[in-house]
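So the protein lines, in turn, are chains F and L.
Residues in the first sequence are numbered from 1 upward in steps of one, following this note's numbering.
Residues in the second sequence are numbered from 1 upward in steps of one, following this note's numbering.
Note that these hints are calculated values from the structure, not bench results.
Note that the Cβ used here is the ideal one computed from N, Cα and C, for glycine as well.
Worth double-checking, as some hints may not be accurate.
[What the hints assert, rightly or not] Among the chain F residues that face chain L by a calculated CB cut under 10 Å, a handful are:
hint, residue
1, H261
2, Y289
3, E328
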Amino acid sequence: MSVKSATMLKTTYREAVREAIRDAMRRDDRVFLMGEDVGKYGGCYAVSLGLLEEFGPERIRDTPLSEAAFVGAGIGAALGGMRPIVEVMTVNFSLLALDQIVNTAATILHMSGGQFNVPLVIRMATGAGRQLAAQHSHSLEGWYAHIPGIKVLAPATLEDARGMLWAAIEDPDPVLIFEHAMLYGQEGELAEDVAAVDIDKAVIRRAGSDVSLITYGGTFYKTMQAAAELAKDGIEAEVIDLRSLRPLDNGTILDSVRRTHRAVIIDEGWRSGSLAAEVSARITEGAFYELDAPVARVCSAEVPMPYAKHLEEAAIPQLPGIVAAAREVLGTHV
Amino acid sequence: MSEFLMPSLGADMDAGTLLEWRIKPGDSVKRGDIVALVDTDKAAIEIEVFEAGKIEKLLIPEGEKVPVGTPLALISPPGEKQAPAELKPTKEEPILEVAPKAVVERPRATPAARKHELELGLELSDIQGTGKHGVITKEDVEHAAASVSVAVKEKEPQIKASPLARRLAKELGIELAAVQGSGPDGAITRADIERAAAVPEKAVKAPPTAKKPAIPKTATADKQAAMRRAIAAAMAKSKREIPHYYLSTHIDMSKALAFLEEENLQRPLPDRLLPAVLLLKASALAIRKVPEMNGFWLDDGFKPSDDIHLGVGISLRGGGLIAPAIHNADKKDLGSLMTDLRDLVARSRSGGLRSSEMTDATITVTNMGDQGIETVYGVIYPPQVALLGFGKITERPWAEAGMVGARPVVHLTLAADHRASDGHRGGLFLAAIERLLQKPEEL
Chain F
1 MSVKSATMLK TTYREAVREA IRDAMRRDDR VFLMGEDVGK YGGCYAVSLG LLEEFGPERI
61 RDTPLSEAAF VGAGIGAALG GMRPIVEVMT VNFSLLALDQ IVNTAATILH MSGGQFNVPL
121 VIRMATGAGR QLAAQHSHSL EGWYAHIPGI KVLAPATLED ARGMLWAAIE DPDPVLIFEH
181 AMLYGQEGEL AEDVAAVDID KAVIRRAGSD VSLITYGGTF YKTMQAAAEL AKDGIEAEVI
241 DLRSLRPLDN GTILDSVRRT HRAVIIDEGW RSGSLAAEVS ARITEGAFYE LDAPVARVCS
301 AEVPMPYAKH LEEAAIPQLP GIVAAAREVL GTHV
Chain L
1 MSEFLMPSLG ADMDAGTLLE WRIKPGDSVK RGDIVALVDT DKAAIEIEVF EAGKIEKLLI
61 PEGEKVPVGT PLALISPPGE KQAPAELKPT KEEPILEVAP KAVVERPRAT PAARKHELEL
121 GLELSDIQGT GKHGVITKED VEHAAASVSV AVKEKEPQIK ASPLARRLAK ELGIELAAVQ
181 GSGPDGAITR ADIERAAAVP EKAVKAPPTA KKPAIPKTAT ADKQAAMRRA IAAAMAKSKR
241 EIPHYYLSTH IDMSKALAFL EEENLQRPLP DRLLPAVLLL KASALAIRKV PEMNGFWLDD
301 GFKPSDDIHL GVGISLRGGG LIAPAIHNAD KKDLGSLMTD LRDLVARSRS GGLRSSEMTD
361 ATITVTNMGD QGIETVYGVI YPPQVALLGF GKITERPWAE AGMVGARPVV HLTLAADHRA
421 SDGHRGGLFL AAIERLLQKP EEL
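Let the hints inform the model, and build the full structure from the sequences given.
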């Protein structure tokens, strides 16, 4: 965790990511950014706005519209000794690069008998909420969390948005960072000299004794709000921010459930075969005899993400649903 | 062919130890025969069989503790010749032709079957082989395992309880069946178990008593603790669920005692009656007039009982309490009631109670006069709906027709379930008992 500095800057999630990229570029000249529209346009979510001017086209590279090509190029650059940051517009588009990520990036260390590692970072936006419909709005990070050979991160806080990138760049293996599209505008304060953070531990963002609310990324703030809502009725919810979806931090999850005896998992992914399912299974495996109620999940409706605003809102986890699920597992108790 | 199951001898029992078989394969039994002696947390109970037939096979060895509902023996109805295939005949297995009977033969089974047997905790000797030369195969073992688990599943109603609650209940010795769930879907949660377990530490660690006849092996202290827990579960359930109301009245016993004195003069010493018998008989007859007192509160409704089986509270020497039934007390004369009462007390304390006596009581009568107690404030034994308490018969000033005199007086109390009856009916019940005790010759 970072050490709090005297100077706190008012900033946004978007600026925190940009600052993290800028910082990495300055620290290590092997670092470069490439992706669709990251240069002249400043990134489709304006994350890299101004970086082309600052670092030049050699290090801020616009690419053709071919995810397979530029992710593959990133893998090659990483193998060649560079420290590439590849931006993919959204996780939906990353499927075009799935072969490069799953069959190449994740496997080369193994296939080469340990000779070649791939120090590649791939950043991409994920999630719904901007009325971008069914081809731009899904939360597929749970799929990537299935794959051995890569790490999967989901920064939810400004501090993690700022601190995780450098830790990811330093990691010798491919790291995928999922930035929820609705978080970019999140405002907050951040220490000026924020340190790198660890990228393999979950964090308890709010301590509580009655139920563990386990979440990450885009549903994190909704979950914190739900905990505040529950507190009004005297229910003390513990909120766990998973942060790392692969590896999952079993210790933090199970310790929490052993204290609260109840768990609700909030995940914007679809329910079936989801990351929420994995967390639920681990709780059942590791803390079955501590459970005082069935593990509950709040996930997205199993439909292609709707375009219409009210339907989109109805399809993804929202505050009332999280509060209701927590109350449900608490039964009439408390 | 039918299965004879481990009976539930009260709402607070979930398992019993088969102490002794009183029958062997081949014996014919009829309804009401004692077939086994079973040790519950409370006492050693003689178990009756409720159907006639021939004992085909004993499934549980003596000394084994099994859950309620576990098949203990197979009984074929009279006239049935051949057991159905899946329940396998005990005789003429092909195996026996191969191995001479004198040798303790090992059932022939495939290695996979043996491995499975270990894993599933089954006895190969109980399984019919379908392989070549009757060899038991893996499939046979799986088959047997499936039928066992199906049988158990059908008999035991699923209790919804969280894994944590189950674990705690086991650790604390709490009966899940006696706990009211408050969790999702009415499931029993940790909080429910903790509420149910609010038994003081000291009660559980009652000091071991001198000697316990007839109840073998189990350490006395364990036995004590188990009984304490069983009582705790039943009484906690009672106070949690039953809205008790209480009524009391003083009864002039001079006529009853005078009658008793007269009656006892004509009886040989061993047959003499105690006042308790009059109280029991009067209670039993009064129940006929107020049937709301007699029966069970089950599934949110009162189920009256046609028969009147008086549960008699008997304190045990080592501590603890049991309330076995005197069956059809209203139909018995005073002499046989006395015999029954003596017999019940003796058997309660030595361990020879019958299963029907343990489960049948339709109302409980507790008499604490022996201890010099004047008034009993009772706790109803669920699922019954009433409990009568008699105190000591003492001489008291008694005013009648403007005159005060000394009379033997007993204080009678009623604790009744307000779901099943109202105070008015309870009052009629007490009045009926009083009236009967004023005409003892009619008892």
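Each hint tested on the structure:
Given the 10 Å rule on beta carbons, the hint for H261(F) holds: about 5 Å separates it from the nearest Cβ of chain L. The beta carbon of Y289(F) comes within 5 Å of a beta carbon in chain L, closer than 10 Å, and the hint placing it at the interface holds. With a least beta-carbon distance of about 6 Å to chain L, the hint placing E328(F) at the interface is held under the 10 Å criterion.
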